[in-house]
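S.K.: Sequence:
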Amino acid sequence: MLLHLSKLKSLQVLVGAKFLVGGLRMEDLGEVENLYGSLSVLELQNVFDKREAVKAKMKEKSHVDKLSLEWSKTSTVDNSQTERCWHKR
Numbered sequence: 001m002l003l004h005l006s007k008l009k010s011l012q013v014l015v016g017a018k019f020l021v022g023g024l025r026m027e028d029l030g031e032v033e034n035l036y037g038s039l040s041v042l043e044l045q046n047v048f049d050k051r052e053a054v055k056a057k058m059k060e061k062s063h064v065d066k067l068s069l070e071w072s073k074t075s076t077v078d079n080s081q082t083e084r085c086w087h088k089r
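When the letters of the sequence shown are read in order and numbered with UniProt numbering, they come out as residues 1 to 89.
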C-alpha cells in the first residue's frame, strides 16, 4: 500500500526511501524534509511539467547522499508534452 507523502506531516525521519511517481505526484516529495540516506524516484516518465519537479524541492534534501532517478523501460507515454516543455526554454 502506497501512502501519500504529503499526508505524513509529522514524519521525523525517512531512511532509504523508494518513491513511485506513477499514481502520486512528484511534488509530494517537497513536503518531506527529513529524508536520509538513499532515495529512489521511480517512473519519472509520469512527470510532464518541470514546475512539478521544482516543487519536489530536491535541492533542499541535504541529507540524501545517494539519489537514483529511474524511468520505466516499458513506458508508452506520449513524449509530445515533454518535448513542448523543452522547446519553451
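Possibly wrong hints are sitting among the right ones.
Claimed, not checked - Pair ranges (Cβ atoms, derived):
1) GLU33 - THR74: 29 to 39 Å
2) THR74 - ASN34: 29 to 39 Å
3) ASP49 - GLU70: 29 to 39 Å
If you're looking for bench data, these hints aren't it; they were derived computationally from the structure.
From the three backbone atoms N, C-alpha and C, an ideal C-beta is built for every residue, glycine too.
S.K.: The structure should be examined with respect to each hint, and the outcome stated for every one.
M.R.: Now the hints, each set against the structure:
no. : hint                      : verdict
1   : GLU33 - THR74: 29 to 39 Å : holds, 33 Å
2   : THR74 - ASN34: 29 to 39 Å : holds, 33 Å
3   : ASP49 - GLU70: 29 to 39 Å : violated, 19 Å
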